[in-house]
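My request is simple: use the sequences and hints to build the entire structure.
These protein sequence lines map, in sequence, to chains L and U. This note's numbering applies: residue 1 is where the first sequence begins, and numbers increase by one. This note's numbering applies: residue 1 is where the second sequence begins, and numbers increase by one.
Since the hints were derived computationally from the structure, they do not count as laboratory data. There may be inaccurate statements among the hints.
Listed next, the in silico DSS-like pairs over lysine-lysine satisfying Cα-Cα at most 25 Å (straight line) [said to hold, decoys possible]: (1) K466(L) with K433(L); (2) K101(L) with K154(L); (3) K50(L) with K89(L); (4) K139(L) with K333(L); (5) K333(L) with K196(L); (6) K89(L) with K196(L); (7) K154(L) with K358(U); (8) K373(U) with K154(L); (9) K101(L) with K373(U).
In this text, all values refer to a predicted model and were calculated from it rather than measured experimentally.
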Amino acid sequence: MRQLEKLLRRLPARGFGYSTASGGWRSTVGLELHVQLLAKQKLFSAASAKWNDNPNTNVYMVDASIPGSLPRLNPHCVQLAARAILGLKGQVQPVSSFDRKHYFYLDQPLGYQITQQFFPIGKGGFIELGQAEGLGHSKKVHVHQLQLEQDTAKSIHDVYPGYVLADLNRAGVGLIEIVTRPDIETAEEAAQFVRKMQVLLRHIGVSNCNMEDGSMRCDVNVSVYRDGNDRLSGTRCELKNLNSLKVIRCAIDAEVSRQVGLLTAGKTVEQETRGFDARSGTTFLTRSKEAAPDYRYMPDPDIPEVHISRNWVEEVQRTLPELPEMTRERLKKQYNLTKEDIETMINEPGCVSFFEQLATTRNPKRVASWVTSEIFGQLSYRAQRLADSPLTVAQLGELLDSLANNAITSAQAKQLLIEFMDGEARSTAELIKAYGWKVLDDDSLIRQIARDTLDKHPKEVSGYLKGQARRLNFLIGKTMQATKGQARPQDVSRIVKELLESASAD
Amino acid sequence: MSLSRIPRRLVHHRCCLTTHSNSPPTVDSALETISQRNPSLNAFVTSRVPAELAETAVADGPLKGWPVGIKANIATVSNSDTDVTSCGSHALQSYKSPFQATVVDALERAGAVVMGKTNMDEFGMGSKNTYSIYGPARNPHTSESQDKDSCQIYDCSPGGSSGGSAAAVASNMCRAALGSDTGGSVRLPAAWCGIVGFKPSYGRISRYGLVPYGSSLDTVGIMARSVQDVQQVFQAVSRPDTRDMTCMTESLRSRINTGSQSRPWAARLLSQNNIEAEKPLAGIRIGIPRECWVEELSASALDAWKQGAERLSALGCEIVAVSLPHLPNALPAYYTLALAEASSNLARYDGVRYGLRKEPGNRGPKELGASRKYAETRSQGLGAEVQRRILLGTYVMSDAACRHFYLPSQRIRRVIQTEFDSVFALPNALSSEAFEKTLLDWASGGRSAGVDALLFPTATDTAPPLLEGREENTAASYVNDVMTVPANLAGIPAISVPVGHKDRMPIGLQLAAQYGDDELLLQIARYLGA
Numbered sequence: 001m002r003q004l005e006k007l008l009r010r011l012p013a014r015g016f017g018y019s020t021a022s023g024g025w026r027s028t029v030g031l032e033l034h035v036q037l038l039a040k041q042k043l044f045s046a047a048s049a050k051w052n053d054n055p056n057t058n059v060y061m062v063d064a065s066i067p068g069s070l071p072r073l074n075p076h077c078v079q080l081a082a083r084a085i086l087g088l089k090g091q092v093q094p095v096s097s098f099d100r101k102h103y104f105y106l107d108q109p110l111g112y113q114i115t116q117q118f119f120p121i122g123k124g125g126f127i128e129l130g131q132a133e134g135l136g137h138s139k140k141v142h143v144h145q146l147q148l149e150q151d152t153a154k155s156i157h158d159v160y161p162g163y164v165l166a167d168l169n170r171a172g173v174g175l176i177e178i179v180t181r182p183d184i185e186t187a188e189e190a191a192q193f194v195r196k197m198q199v200l201l202r203h204i205g206v207s208n209c210n211m212e213d214g215s216m217r218c219d220v221n222v223s224v225y226r227d228g229n230d231r232l233s234g235t236r237c238e239l240k241n242l243n244s245l246k247v248i249r250c251a252i253d254a255e256v257s258r259q260v261g262l263l264t265a266g267k268t269v270e271q272e273t274r275g276f277d278a279r280s281g282t283t284f285l286t287r288s289k290e291a292a293p294d295y296r297y298m299p300d301p302d303i304p305e306v307h308i309s310r311n312w313v314e315e316v317q318r319t320l321p322e323l324p325e326m327t328r329e330r331l332k333k334q335y336n337l338t339k340e341d342i343e344t345m346i347n348e349p350g351c352v353s354f355f356e357q358l359a360t361t362r363n364p365k366r367v368a369s370w371v372t373s374e375i376f377g378q379l380s381y382r383a384q385r386l387a388d389s390p391l392t393v394a395q396l397g398e399l400l401d402s403l404a405n406n407a408i409t410s411a412q413a414k415q416l417l418i419e420f421m422d423g424e425a426r427s428t429a430e431l432i433k434a435y436g437w438k439v440l441d442d443d444s445l446i447r448q449i450a451r452d453t454l455d456k457h458p459k460e461v462s463g464y465l466k467g468q469a470r471r472l473n474f475l476i477g478k479t480m481q482a483t484k485g486q487a488r489p490q491d492v493s494r495i496v497k498e499l500l501e502s503a504s505a506d
Numbered sequence: 001m002s003l004s005r006i007p008r009r010l011v012h013h014r015c016c017l018t019t020h021s022n023s024p025p026t027v028d029s030a031l032e033t034i035s036q037r038n039p040s041l042n043a044f045v046t047s048r049v050p051a052e053l054a055e056t057a058v059a060d061g062p063l064k065g066w067p068v069g070i071k072a073n074i075a076t077v078s079n080s081d082t083d084v085t086s087c088g089s090h091a092l093q094s095y096k097s098p099f100q101a102t103v104v105d106a107l108e109r110a111g112a113v114v115m116g117k118t119n120m121d122e123f124g125m126g127s128k129n130t131y132s133i134y135g136p137a138r139n140p141h142t143s144e145s146q147d148k149d150s151c152q153i154y155d156c157s158p159g160g161s162s163g164g165s166a167a168a169v170a171s172n173m174c175r176a177a178l179g180s181d182t183g184g185s186v187r188l189p190a191a192w193c194g195i196v197g198f199k200p201s202y203g204r205i206s207r208y209g210l211v212p213y214g215s216s217l218d219t220v221g222i223m224a225r226s227v228q229d230v231q232q233v234f235q236a237v238s239r240p241d242t243r244d245m246t247c248m249t250e251s252l253r254s255r256i257n258t259g260s261q262s263r264p265w266a267a268r269l270l271s272q273n274n275i276e277a278e279k280p281l282a283g284i285r286i287g288i289p290r291e292c293w294v295e296e297l298s299a300s301a302l303d304a305w306k307q308g309a310e311r312l313s314a315l316g317c318e319i320v321a322v323s324l325p326h327l328p329n330a331l332p333a334y335y336t337l338a339l340a341e342a343s344s345n346l347a348r349y350d351g352v353r354y355g356l357r358k359e360p361g362n363r364g365p366k367e368l369g370a371s372r373k374y375a376e377t378r379s380q381g382l383g384a385e386v387q388r389r390i391l392l393g394t395y396v397m398s399d400a401a402c403r404h405f406y407l408p409s410q411r412i413r414r415v416i417q418t419e420f421d422s423v424f425a426l427p428n429a430l431s432s433e434a435f436e437k438t439l440l441d442w443a444s445g446g447r448s449a450g451v452d453a454l455l456f457p458t459a460t461d462t463a464p465p466l467l468e469g470r471e472e473n474t475a476a477s478y479v480n481d482v483m484t485v486p487a488n489l490a491g492i493p494a495i496s497v498p499v500g501h502k503d504r505m506p507i508g509l510q511l512a513a514q515y516g517d518d519e520l521l522l523q524i525a526r527y528l529g530a
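Okay, structure coming up:
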């Protein structure tokens, strides 16, 4: 018990209450999410956006800032940004423009980043958090603005001692930065917001949003205030480069606790930029306010204003798939699925469509159960995504139909599923033939096997007869085993019950 | 390089060479002239040797066999090892561009033969061509000193920043040359060297491959001995280019063309190349901007201006006075915006990917790491004037100064654009409503108020001697641009045409027209020259 206490004390502040209200303190949180767009080419050059190819292979003139080269806006990136804005129910701006943000660093070949400081392409929009996210209340987190900008190059340290290397593959890849209003109040809300944003942006094909490989990055602004004061009265600190949902949670809690600690000790919070050290569970200073750079924002004279017509926006709107919120409602209404099944399917890209193609002509509950337990079990065992699995809708459809028609048993079906997911290309019918599978549907034969099984387990039989109902499943299972899985479970169950009843009558 | 280190030179032998021969130079004659005159004029900083030129296939086009010079800040690609795109800077002294500028491609497709790269002020920053790693180019025209006691003859500045291009054209080392014009860098050297210098509307010629100075002001410009030659080059290179988002699209060009052609009074001038009429410019209205009559204007420039107006009047033009009240604000606004953009555009010369790279040695605090390398590379790679302009540009964009300098300058720029729009008869094609409305008025026989072109001096005086002041006053030297920067701020076309001489030194007059009205401007300019 004492050890447990010690352990608990070493955990970061999460769960210990600063995040909501502690000693009259509350926190205010705003997020900046950087999201890599799923465009094939970079934001301002025709080079491939595959930033993890061999270093410095996807580099065009402007990506290396060759003198005299000029940026050229990739319309696909504009379209993806518009999708994100519409997915968040925000407004695509009729006129937007690009600005230069200046600083010298190896990862910035031009000496500036092209971004949208003054007239971003998107304004407004929100994500609603509620019971589906495990919150006791529901609230909207509003988007302040959404802007298009360039990713930086990657600087590689410590490969060659004494040198820093630059990989320009990522330089100029298209990002959107989504800035929220300070609507978030707790670390948990922040994490749920990010998770929901990931689901949405994946669903509408804007980004992979993988925090582990950097296609989504998160900066957080945190301030605290005393209960009853203005929510925005505290001095805020920015936490940079939080690279997982867990880190977001822990870092916010740790920062809130640090700020409350300072204030209760009569000190002040300085406006600064901080990082998070996961090992100690604390935040640390990375840049004080005095060292804050002056980015000297300037409209980029190489890129004309972007004018977007209402027709174009409507066109993008038409190509948007159903948004997760609506999908949830529909799956509930149309198929009467459980909340858990719906969440599982919505969070896996492509899964809802996979399910629906199967469910229209079959029992939806059974399809859902196969998808969420059997298939997901296999996917997680294989650490694979559904989209990357060789399993096709047609294969699974035939499998489920064969099962429903009693052509195979569920044990056989599960075996086939594994083979399909291993890459088996033959159909269910072909495989049944190849394996020489037949369903044992001769009642007298099953009765014979069941009788033998019961004879081998007299203790269980007598136990059942004394009223130990749970013995029944054991006996059914043993009988199924004895049929080598070729009998249908419902047949075996019926016959075993009959035999036991007749035994009790004796 | 400081000015005091430029050797004082006596150049009696060149007096006799300044007369223009009548036949335009060919590649062979240009080669000959380059070998004879370039050592003293320093116009070309790299030039192709006859063997290289012999290997070059010449396209069959309207400029077939024209020897041309390319300013050293325009990217070229050739087999020559010495073909660098140095921008007159130590930072890029041995930099070879991996690609060629769109405008050079277009010239070569039309048959022109690139003879080499021409001298310039580093990155286009200067008005006298004195800020060049190659040393100054020299004006082919020479003047007798004002100093009556010594009666010496001095080398004069060719003007800048496209001084090498101007000197090369004026001395027949090439038939035409490309320059770049951010605040007058084509027109001022053209005026001082006695040739024609044309800055087209912003976006007429692709900037892809032009190393930027102030991107929103930069234009590729054309220099030649006659307006007709400028016109031919312009026709070959004024094309849409998807690689430059600020280059005029085909649809904008045809819109402007429609508007331009639908002026009944200008249609004849636009459609015919040689009008033999007694008053070929009848119907054209020329504005004289009052605000150009500045204190600094020399008597000779004022005389030339008056004579130019009389000449156009004699050819049938109606001459009217116009007012552009904010023109006096143009110079400070220009220097704020151009320098702000320069500080941004030149940030890339950090020595990481190309160009000069210097290690910091043991000086300075170690913990600054990369910053010290950047500082050392840039301190050694960029010249004093470039550094001065970068620092000023960085300052005017800083958080503290932006509101007092950068933002007001942007406002002044818009006001000046609006004022130009208000004096021209042709509406600005970028404001579509006004444009369509005016076209309808013309169709119903109306003639809007407003002028077709403006006439004003290119420079306040003739070319100064290269040794003018031992200590040059930077701010005073910026005044050289007072007549030329308004056209860059407004994005409108402007051309400098030689109209006369004072003390053997050429004088240029400037014509400017509405945005996109380049062709009418060139047609009028043909009649202005002496």
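Okay, the hints, checked on the actual structure:
1. K466(L) with K433(L): violated, 45 Å
2. K101(L) with K154(L): holds, 18 Å
3. K50(L) with K89(L): Violated, because 29 Å separates the two Cα atoms, which is more than 25 Å.
4. K139(L) with K333(L): Measuring from Cα to Cα gives roughly 23 Å; hence the hint holds.
5. K333(L) with K196(L): holds, 21 Å
6. K89(L) with K196(L): holds, 14 Å
7. K154(L) with K358(U): OK: K154(L) and K358(U) at ~23 Å, within 25 Å.
8. K373(U) with K154(L): Between K373(U) and K154(L) the Cα gap is close to 19 Å, so the pair holds against 25 Å.
9. K101(L) with K373(U): holds, 21 Å
Figure legend: structure checked against the earlier numbered hints; hints not met, in rising order: 1 and 3.
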